[in-house]
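Make the full structure from the sequences, and use the hints.
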Amino acid sequence: MLQFPRRPVVILLALLFVAALLLPQFAGIYGVKFATRVMVLAILVVSLDFLIGVTGLVSFGHAMFFGLGAYGLYFLSPISDPANALIAFPMIVAATALAAAVVGAFAVLTRGFYFIMVTLAFGQMLFSLFHDTRLAGGSDGAYVNVKPVIAVAGTTLLDLGHRVSFYYFCLAALVAAYFLLLALARTPFGRVLQGIRFNEARMSALGFNTYAYKLLAFVAAGAVAGFAGALFAAIDGYVAPDLFGWRQSGTAIMMVVLGGVGTLFGPILGALMYAGLEEVLKTASLVGPWVADHWSLYLGAVLIAAVLAAPRGIAQLFERADAVAAAPEAGQIVIRKRAPGRAKSLAVAGLSRSFGGLVAVDGVSLELAPNKVHGIIGPNGAGKTTFINLLSGALRPSAGRIRLDNEDIAGRPAHRVARRGLGRSYQRTNILLPFTVRENCLLAAQARHPAPWRLRRSRYAPEENAAVAFALDALGLGARADTRALHLSHGEQRQLEIAMLIASGARVLVLDEPLAGMGNEETGRVTALLRELAVDHTIVLIEHDMDAIFAAADTLTVLVEGRLLAHGAPETIRSNAAVREAYLGRWGNP
Amino acid sequence: MELVFIQILNGLQYGLLIFLIASGLTLVFGMMGIINLSHGSFYMLGAYLSLTLTGLVGDVFVALLIGVPLAFCFGALIEWLFIRHLYSRDHLQQVLLTFGLILIFNELQRILWGTRPHAVPIPSYLSGSIPLSDVLSYPVYRLAVAGICVLLALAMMFVIQKTKVGRMIRAGESNPEMVEALGIDSRLLFRFVFAAGVALAAAAGMIAAPIESVYPGIGEHVLIISFVVVVIGGIGSVKGAFAGALLIGLADAFGKVFLPQFASMVVYALMAAVLVARPGGLFGRA
Chain A
0 MLQFPRRPVV ILLALLFVAA LLLPQFAGIY GVKFATRVMV LAILVVSLDF LIGVTGLVSF
60 GHAMFFGLGA YGLYFLSPIS DPANALIAFP MIVAATALAA AVVGAFAVLT RGFYFIMVTL
120 AFGQMLFSLF HDTRLAGGSD GAYVNVKPVI AVAGTTLLDL GHRVSFYYFC LAALVAAYFL
180 LLALARTPFG RVLQGIRFNE ARMSALGFNT YAYKLLAFVA AGAVAGFAGA LFAAIDGYVA
240 PDLFGWRQSG TAIMMVVLGG VGTLFGPILG ALMYAGLEEV LKTASLVGPW VADHWSLYLG
300 AVLIAAVLAA PRGIAQLFER ADAVAAAPEA GQIVIRKRAP GRAKSLAVAG LSRSFGGLVA
360 VDGVSLELAP NKVHGIIGPN GAGKTTFINL LSGALRPSAG RIRLDNEDIA GRPAHRVARR
420 GLGRSYQRTN ILLPFTVREN CLLAAQARHP APWRLRRSRY APEENAAVAF ALDALGLGAR
480 ADTRALHLSH GEQRQLEIAM LIASGARVLV LDEPLAGMGN EETGRVTALL RELAVDHTIV
540 LIEHDMDAIF AAADTLTVLV EGRLLAHGAP ETIRSNAAVR EAYLGRWGNP
Chain B
0 MELVFIQILN GLQYGLLIFL IASGLTLVFG MMGIINLSHG SFYMLGAYLS LTLTGLVGDV
60 FVALLIGVPL AFCFGALIEW LFIRHLYSRD HLQQVLLTFG LILIFNELQR ILWGTRPHAV
120 PIPSYLSGSI PLSDVLSYPV YRLAVAGICV LLALAMMFVI QKTKVGRMIR AGESNPEMVE
180 ALGIDSRLLF RFVFAAGVAL AAAAGMIAAP IESVYPGIGE HVLIISFVVV VIGGIGSVKG
240 AFAGALLIGL ADAFGKVFLP QFASMVVYAL MAAVLVARPG GLFGRA
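Chains as they are written, first to last, in numbering that gives the first Met the number 0: chain A, 0 to 589; chain B, 0 to 285.
Derived from the structure by calculation, the hints contain no laboratory data.
Check each hint, because a few of them may be wrong.
Stated by the list, open to error - Here are the computed distance ranges between Cβ atoms for each label pair:
#1 A:R162 <-> B:V256: 45 to 55 angstroms
#2 B:F157 <-> A:R110: 31 to 41 angstroms
#3 A:L454 <-> B:P278: 29 to 39 angstroms
#4 B:L258 <-> A:N405: 51 to 61 angstroms
#5 A:N379 <-> B:P278: 24 to 34 angstroms
#6 A:S397 <-> B:L69: 52 to 62 angstroms
#7 A:Q426 <-> B:V256: 49 to 59 angstroms
#8 A:L454 <-> B:L69: 52 to 62 angstroms
Stated by the list, open to error - Interface residues of chain A toward chain B, partial, derived using beta-carbon atoms under 10 angstroms:
#9 V57
#10 F59
#11 F105
#12 A106
#13 F112
#14 L119
#15 A141
#16 V260
#17 L302
#18 L307
Claimed, not checked - Residues of chain A clear of chain B, computed beta-carbon distances all greater than 12 angstroms:
#19 Y167
#20 E199
#21 T282
#22 R411
#23 N519
#24 A581
The beta-carbon is built from N, C-alpha and C at its ideal position, and this holds for glycine as well.
See the structure below:
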């Protein structure tokens, strides 16, 4: 998870900051203006990294908000008087946030490559709007005649038309934008965004409305980009449609990737390096006239070399190798006695789901009593996983009802089902691999209060910490709490997934082959745990390990070809002739 | 009425041309998972090859016969030098590297051919126009361009549907891991597909050169439009690219006549509308 930068980075950033403070003392007008431009671009790319690197939304149209901010300053500046920045800038930020909300509402519906392309399309639409029509000077662009000032009660405190004052204002703005976005990424809200970047399905299954989270991130990044755009327009006092264009968005992506995606400080270095390199290559007195004339040849070559040599950007230089805990602890499962609590019951009626012509689940009706362990067995292709996907909301049923206690949850999206207390695990372990065991569980615990506008942890921290401690203990993962999930053994990863469900406060646990890949000893421990959890949980599990499931389950349900074949206590299932015929075969014989 | 007819012809002709460019883009994305921003540069390469070769041999169609194989070899070289390193990388790195390639290609173009726009002559035997009414007529060369595009599209369909290479491409299109599992040397297959995509884009640039003038940056507009087509059609679907290209061609042609200031916006709005209705594109799997 995104941490406060490590000491070498802090030292580097501090040195850069001091250099920036001193720069106007020895750089000429041109140097100050260049540095101002770099800082404003840095604000833009930090906000883009908040989208790409923190939330995982690769926007190829981020410059549209930059452009809107710039044109916002043009529209808000009177012809002959300076605009008051204290009024103009907040208005611009609000307007770009609104625009981002509108664009984001559509764009966030799509994923991956389609998201890249939809954001590109919106950016190009705005580019065309300002380029092809006579709006604000059309393709020629337009001048902001008088730069804004900061004025209170008629007294001008800061004139942004003054180059050095404006320079310091932009430096302050960059520092503020960086710390604001870093802090935002570390709030409960931002931690969920980071979870979404690596595993959206898991976050949704924990109960987070990922659409709302992503939309809010899009709006926040758009608003900061709009602010950067307004500053950019104030540098030269000139706005042009190119500010919206795909090249501007593309250049911003270059800077982010060059600096290091997902670090927030990396893109600042990336902007400095990209703009600095371009400036050096264009200066004939430094590199000779031929290079200066064909600078983009060299810039292109540097970009290609950078991708091939340092795929994680400049920030890669500051990475520390992962400390992997030595020997995997044979985690002892500690079962703490808790007060029994009634968990919810689960009932399905006439539940069906077909894919095209194939009926995967066919009219299943079933009642699963609370505080019991219910096993679901059946041959491969019997529709067990589809059945679970219907329960958890990952799939919509074609027909039928699902009741959680007395509430019909059929057809609800996964995150709303999860909020009703149903937590699920997946056949292929579904956790947040780059995060530590504790961070995984903390995110899960945060699902107890999943509203996206949580910016402070304090209020629920005791409750969440207790839930995490309990879950880690219960699964014997305490000793591995600070190990990243990707370094865990396969069995430990599966235990972590169950720990996350427990930490999330789910009272109905739906587990898809929780014992797969576990050794005998682990299997015994996890089965004992499931029995113990039934004190205050209802447990539904698919399992192929017949010995384990017959020992652990209170009831067994047999699915064959999507239909319910039998349901009852393990002993009755064991002696059921139809079940033996269809599935158990020789195993059932004494 | 004639105006509508002419715009339909224009739209189809432009759409067919875009299809040649987008088909390579969609295959490269669908099979190899590569976002290739430099694909428009290969259209530009074609346009300038057309300029130089037509100057040498006198006829744009003879130039086409020389230029397309050259572009194919160039594509194979680019794949070997750069693109193959990207197969296991994420989209951002692909964007960065291919953006670098654009910078290099644009600068090389400037060094080799300069910044002045040039015209490529239409062959004399196709320079006439077919009169449609007293005032409107349609140039023969544009019809010939549409005809060539249809021929190339049919040839591509034949290769994909009927040949062994085509079977591998279809296997790779529906399931990239399949190719490896079938024991096909995917490196050669990828190189062939990439080079074929480059050749098609260059062919489009070559035959379009006499209609448009040849100028720097000619590839960038078609790049964005091709991406729009790929997305509308559904990533990896050649059929979808065909439908999307014709749709975009017609939308562009009619937009230019009826909403001249908003023609480009119509195209992007169309794409946004398609994606909201069908998030995986018209022929997409998602």
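Right, here's what the structure says about each hint:
Restraint check, R162 of chain A to V256 of chain B: a C-beta distance of roughly 48 angstroms satisfies the suggested window 45 to 55 angstroms. About 35 angstroms separates the C-beta atoms of F157 of chain B and R110 of chain A, a value consistent with the hinted range of 31 to 41 angstroms. With their beta carbons about 31 angstroms apart, L454 of chain A and P278 of chain B fall inside the hinted range of 29 to 39 angstroms. Judged by the Cβ atoms, the range 51 to 61 angstroms given for L258 of chain B and N405 of chain A holds: they are separated by roughly 55 angstroms.
Checked against the hint of 24 to 34 angstroms, the C-beta distance between N379 of chain A and P278 of chain B comes to roughly 31 angstroms, which is consistent with it. Between S397 of chain A and L69 of chain B the Cβ separation comes to about 55 angstroms, which falls inside the hinted range of 52 to 62 angstroms. Between Q426 of chain A and V256 of chain B the beta carbon distance is about 56 angstroms. The supplied range of 49 to 59 angstroms therefore holds. Roughly 59 angstroms separates the CB atoms of L454 of chain A and L69 of chain B, a value that falls within the hinted 52 to 62 angstroms.
Satisfaction of the interface hint for V57 of chain A is found here, the shortest Cβ-Cβ separation to chain B being roughly 6 angstroms, below the 10 angstroms cut-off. With a least beta-carbon distance of about 8 angstroms to chain B, the hint placing F59 of chain A at the interface is held under the 10 angstroms criterion. Restraint check, F105 of chain A versus chain B: the minimum CB separation of about 6 angstroms is within 10 angstroms; hint holds. At a threshold of 10 angstroms, the smallest CB-CB gap from A106 of chain A to chain B is about 9 angstroms, leaving the interface hint in force.
Annotation: F112 of chain A was flagged as interfacial toward chain B, and the flag holds, the nearest CB pair being 6 angstroms apart, inside 10 angstroms. Hint status for L119 of chain A relative to chain B: holds, with the closest Cβ pair at about 7 angstroms, below 10 angstroms. At about 17 angstroms, the closest approach between the beta carbon of A141 of chain A and any beta carbon in chain B exceeds 10 angstroms, and the interface hint on this residue is violated. Annotation: interface hint on V260 of chain A holds; nearest CB of chain B at approximately 6 angstroms, less than 10 angstroms.
The restraint placing L302 of chain A at the interface with chain B holds, with a minimum CB-CB distance near 3 angstroms, inside the 10 angstroms limit. The closest approach between the C-beta of L307 of chain A and any C-beta of chain B is roughly 6 angstroms, which is under the 10 angstroms cut-off, so the hint is satisfied. No beta-carbon of chain B comes within 12 angstroms of the beta-carbon of Y167 of chain A; the shortest separation is about 32 angstroms. Residue placement check: E199 of chain A keeps its beta carbon more than 12 angstroms from all beta carbons of chain B (closest about 14 angstroms).
The Cβ of T282 of chain A sits about 17 angstroms from the closest Cβ of chain B, beyond the 12 angstroms cut-off, so the non-interface label holds. Interface exclusion of R411 of chain A from chain B stands, the closest Cβ pair being 20 angstroms apart, more than 12 angstroms. A cut-off of 12 angstroms between C-beta atoms confirms that N519 of chain A is not in contact with chain B; the least separation is 33 angstroms. Here A581 of chain A stays apart from chain B, with its beta-carbon at least about 32 angstroms from theirs, past the 12 angstroms limit.
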